[in-house]
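Which chain is which? The protein sequence lines are A and B, in order. Taking UniProt numbering, the leading residue of the first sequence gets 1, the next gets one more, and so forth. Taking UniProt numbering, the leading residue of the second sequence gets 1, the next gets one more, and so forth.
These aren't lab readings, by the way, just hints derived from the structure by calculation. These numbers were taken from a predicted model, which means no experiment stands behind them. There could be a bad hint or two in this list.
Stated by the list, open to error - Not everything, but these chain A residues come out facing chain B in the computed CB check (under 7 Å): (1) Asp164; (2) Gly173; (3) Glu336; (4) Val518; (5) Asp521; (6) Met559; (7) Thr569; (8) Gly570; (9) Ile577.
To be verified - Here are the simulated BS3-like pairs of lysine-lysine, each with C-alpha atoms no more than 30 Å apart in a straight line: (10) Lys110(B) <-> Lys9(A); (11) Lys424(A) <-> Lys368(A); (12) Lys30(B) <-> Lys407(A); (13) Lys368(A) <-> Lys436(A).
Just so it is clear, CB atoms sit at the ideal spot from N, CA and C, and this is done for glycine as well.
What follows is the residue order along each chain.
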Amino acid sequence: MMSVRSFPKRMIVPSLLLAALIIIPFVAPLITAEDPVKIAVRYRLAAPDLAHWLGRDEFGRDRLARVLYGGQVSLTVAFAATTIACIIGTFFGLIGAYFRGPSEFVTSRLSDIVLCFPPILLALLVVTLFGPGAGTLVAVLSVLYFPTFARITFSEALRVTSLDFVEASRALGTPSHRIVLGTILPNIAGPLSVQYSLTAAAAITIESGLSFLGLGVVPPAPSWGQMIRGARQFMNQDPLGIMIPCAALVLTIYAINFFCDRLRDTLDPKGASSSSMDEVSKPLALADAPAIRDPNVVAVISNLRLETARFGTPAAVVEDVSLTLRANQCTALVGESGSGKSLSSLALMGLLPGAIRQASGTLQLRRKSGEVVDLGFLDARTLEDIRGNDIAMIFQEPMTSLNPIHKISDQMIEAILAHRPMSKADARAHAIQLLKRVGMNDAEQRIDSYPDQMSGGMRQRVMIGMALTCEPRLLIADEPTTALDVTIQAEIIELLQSLRQDQGSGLSLLFISHNLGVVADIADRVAVMYSGQIVEEGPADQILRDPHHPYTRALIESMPSSHEELHSTGGDRLPAISGTPPLPSARPSGCTFRDRCPIALPACAEIRPALYPSADGERAVRCLRAPEAPAGLMNHQTEAA
Amino acid sequence: MTAAPLLDVRNLKKSYSIGRSGLFSKRSLKVLHDVSFSVAPGEVLGLVGESGSGKSTIGRAILRLIDSQSDVMRFDGQDLNTISPVRMRSLRKEMQIIFQDPYASLDPRKTIRAVLSEALDAHDLHKGAARQPRLIELIKLVGLDPSFLDRRPHEFSGGQRQRIGIARALAVEPSFIVCDEAVSALDVSIQAQVLNLLADLRAKTGVSLLFISHDLSVVRYISNRVMVLYLGRVMEVGPADKVHFSPKHPYTAALVSAEPSLRRESRRIRLTGDIPSPLALPSGCIFRSRCPYAQPACAETVPPLQTVGDQHQSACLRTDIL
């Protein structure tokens with residue numbers, strides 16, 4: 001989003017160029033003292049000299065003066081027409097979109113009627129009827145261009161009107177005109193200004209065209225089209241005469257288009273980073289990966305550190321994360337937004353966004369063949385082969401991962417054929433079998449429906465079915481039930497549970513969620529993340545029943561479902577954690593949770609706690625005050641301080 | 001209810017027309033079927049239901065942000081069905097809304113000062129020199145720093161934006177606020193802060209809330225009474241703890257049992273099948289197609305809301321089972 005206060009750098013050059021081209025014609029008297037209409041036949045087609053830099057035209061008039069004054073006329077006509085078209089079009093568009101009903105009808109039909117006419121023919125007709133002249137030109141061009149503005153305004157305003165903040169303004173009782181002008185209009189100004197520049201460029205061309213045909217500006221008044229018309233007859237004797245107005249036209253239109261392009265990029269919030277969006281960071285190749293001996297271990301993340309790759313000094317978004325994922329086990333990664341739980345799982349898929357860089361750590365995976373691979377040493381093709389074959393992923397909103405214009409059957413068959421060569425009929429049979437496995441009744445019929453004909457729960461089942469295509473060993477589920485209703489959520493959890501048990505080779509499930517209740521239902525092990533670090537890790541029942549880290553404790557305590565005896569109307573308060581999680585670039589020294597922690601001590605600001613394992617090695621916690629922390633650590637530091 | 005209700009709604013209906021089935025007959029999609037309820041001054045009425053239950057539609061219908069039909073819709077003694085647009089605009093001072101999405105509900109181009117001022121300007125409140133102290137008072141009320149006033153929404157976190165949305169609703173000192181999934185998009189730790197804030201405000205200002213949410217535990221904690229909706233019909237209504245801990249309707253029981261919890265052992269009541277399409281609702285009780293206790297009689301008549309306890313009503317024929 002462009003901030004109003006800082007003028008973006010990339011706009012400086014096009015803005016200066018455009019401003020110069022617009023201003024120069026209007027300061028013509030300062031540049032030349034010549035009169036653009038004063039005829040001096042004696043000097044017709046005279047070559048350039050010191051007094052007349054661009055020479056003289058077929059009537060001996062000064063060309064510099066004509067091109068400058070002609071620019072005045074051309075630009076005035078173009079911008080006056082565009083401005084009128086913009087105001088009328090925006091007015092109709094806004095009224096149509098905000099009030100809907102009859103005004104919408106008027107707006108769209110009026111635009112349709114005008115758009116039915118070929119623009120040049122309409123212009124010719126009007127000019128022939130009303131006679132040529134600058135005034136007629138402005139009128140014709142305004143009529144020609146207002147429908148484009150009306151349409152753009154209408155569709156953009158419709159989008160903005162459905163947003164909550166417009167609804168909020170209505171609920172506040174703000175009068176309609178203030179909502180339309182004060183809230184909707186500023187929010188559609190971006191696309192409108194781009195359209196304005198484009199239209200102005202087009203209007204200059206049409207103005208020149210009509211003047212060239214003798215239907216525009218009336219001679220002897222100068223205009224660029226007029227100049228081309230006049231110079232055309234002497235093209236062979238004096239090519240300069242036709243090149244000057246053409247150069248002026250080209251330069252102006254180029255400046256406007258250049259300005260437009262940059263303006264569109266600047267106003268588009270995705271424009272600035274679009275080049276990096278599709279990019280994927282490569283996993284890091286480090287030689288010091290620990291050897292995996294336990295055949296039950298499916299994947300190991302060790303000492304993973306992820307940093308932002310851009311914007312000045314790199315900040316760690318994920319720090320010192322180690323996880324071991326075992327077959328037939330569900331590990332839940334729990335945390336609030338921005339805790340780094342999704343990034344950690346994307347790293348394991350080799351799908352980190354380009355803006356994030358792996359700074360250290362290793363990612364290892366046991367393939368179905370039993371071979372252990374280090375993702376950092378694999379080429380892009382092997383990584384692609386691993387995704388889908390060995391690891392699969394399901395997301396929060398299945399609708400965004402399914403293509404709405406293709407049938408479920410086509411999408412599933414395509415996914416199957418991508419990994420396993422077989423006939424189309426076999427692939428279809430396999431797809432139906434997968435759908436049955438994820439609990440879809442009448443899979444034979446429903447496979448031929450489109451995604452939007454299914455409920456959210458059914459779509460999520462389809463996604464899970466597709467993820468199981470190649471019997472992966474590791475399934476990563478990123479908030480798979482967050483968008484679903486509770487009754488459906490419970491069914492999906494049950495499905496994931498049963499899949500884990502009946503997959504022969506033993507499926508390992510990495511379940512990412514912010515909902516501790518869901519985690520309690522499904523997970524064997526839990527890793528709680530806060531501010532990029534794992535702060536507590538261990539068996540789910542131990543962690544959730546008896547949390548040792550104050551953050552885990554506070555998270556459980558702040559859930560209303562943990563307090564069935566409390567009631568707000570009785571004056572009870574929920575034990576909430578004060579403050580908000582720190583940004584990656586502004587984490588406190590020592591323990592990252594200390595400034596929100598109810599039991600923090602001065603020592604917590606000095607020591608960055610490690611993940612201290614418990615005596616039996618089952619669980620670990622990153623807190624100096626936890627029972628697992630080494631005994632001497634606290635006293636020693638407090639004394640030192 | 002002893003005191004005169006602040007809001008009284010009888011037989012609220014809403015339908016959308018969706019294309020044509022025949023040449024002349026328009027098909028219509030009914031999303032609300034005769035919903036009746038009232039909210040007393042200072043009361044929090046919770047509205048729960050799954051997606052498609054019509055809970056958000058009710059909130060918007062009361063605020064007259066969408067058209068609807070009802071036999072009675074009275075707010076603070078005024079008939080909202082016959083009120084003139086001008087009167088309605090000034091009545092908006094009394095009824096406000098807090099939205100779910102803290103990102104979509106603030107205009108990205110306005111400073112917080114402009115957002116809050118819009119509310120005050122709409123009703124000519126705190127003009128001139130009185131404006132600045134009022135803005136500072138509001139921003140402090142929701143626990144934010146006055147220096148935030150001249151910043152734009154993108155500089156804030158989701159929780160802070162939600163507080164700004166609450167401040168906007170409170171600016172005009174309403175007596176009634178619709179909270180439409182107001183804490184659903186927030187992280188757990190922030191959600192508790194905002195719930196505490198809403199509870200404090202209710203205690204301090206006596207504002208009534210219509211608290212719409214799909215999260216039963218949140219609704220139980222914040223509400224005096226809870227109304228359970230399924231496909232636009234009221235299934236059960238009653239005191240919050242009663243509805244939550246001893247539900248009388250099989251649907252409520254299934255909802256509560258499906259909710260993931262750290263404390264209770266999972267003993268989920270299984271529902272069969274999908275939520276029916278609103279275009280092809282079952283006859284009689286609309287829940288019967290998924291109800292584990294359905295009997296042939298359930299297909300015959302639409303069960304009326306029957307009193308099953310103190311202020312507690314349930315729309316189920318099988319009063320024998322729960």
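Hints versus structure:
1. Asp164: Holds. Min distance 4 Å.
2. Gly173: Because about 3 Å separates Gly173(A) from the closest Cβ in chain B, which is inside the 7 Å limit, the hint holds.
3. Glu336: 4 Å, holds
4. Val518: Holds, because the Cβ-Cβ distance from Val518(A) to chain B comes to roughly 5 Å (cut-off 7 Å).
5. Asp521: Holds. Min distance 5 Å.
6. Met559: The hint holds - Met559(A) has a Cβ within 7 Å of chain B, the shortest such distance being about 6 Å.
7. Thr569: 5 Å, holds
8. Gly570: 10 Å, violated
9. Ile577: Interface hint status for Ile577(A): holds (4 Å vs cutoff 7 Å).
10. Lys110(B) <-> Lys9(A): 23 Å, holds
11. Lys424(A) <-> Lys368(A): Roughly 25 Å separates the two Cα atoms, so the pair holds.
12. Lys30(B) <-> Lys407(A): It holds: about 29 Å lies between the C-alpha atoms, which stays within 30 Å.
13. Lys368(A) <-> Lys436(A): Holds, at about 24 Å.
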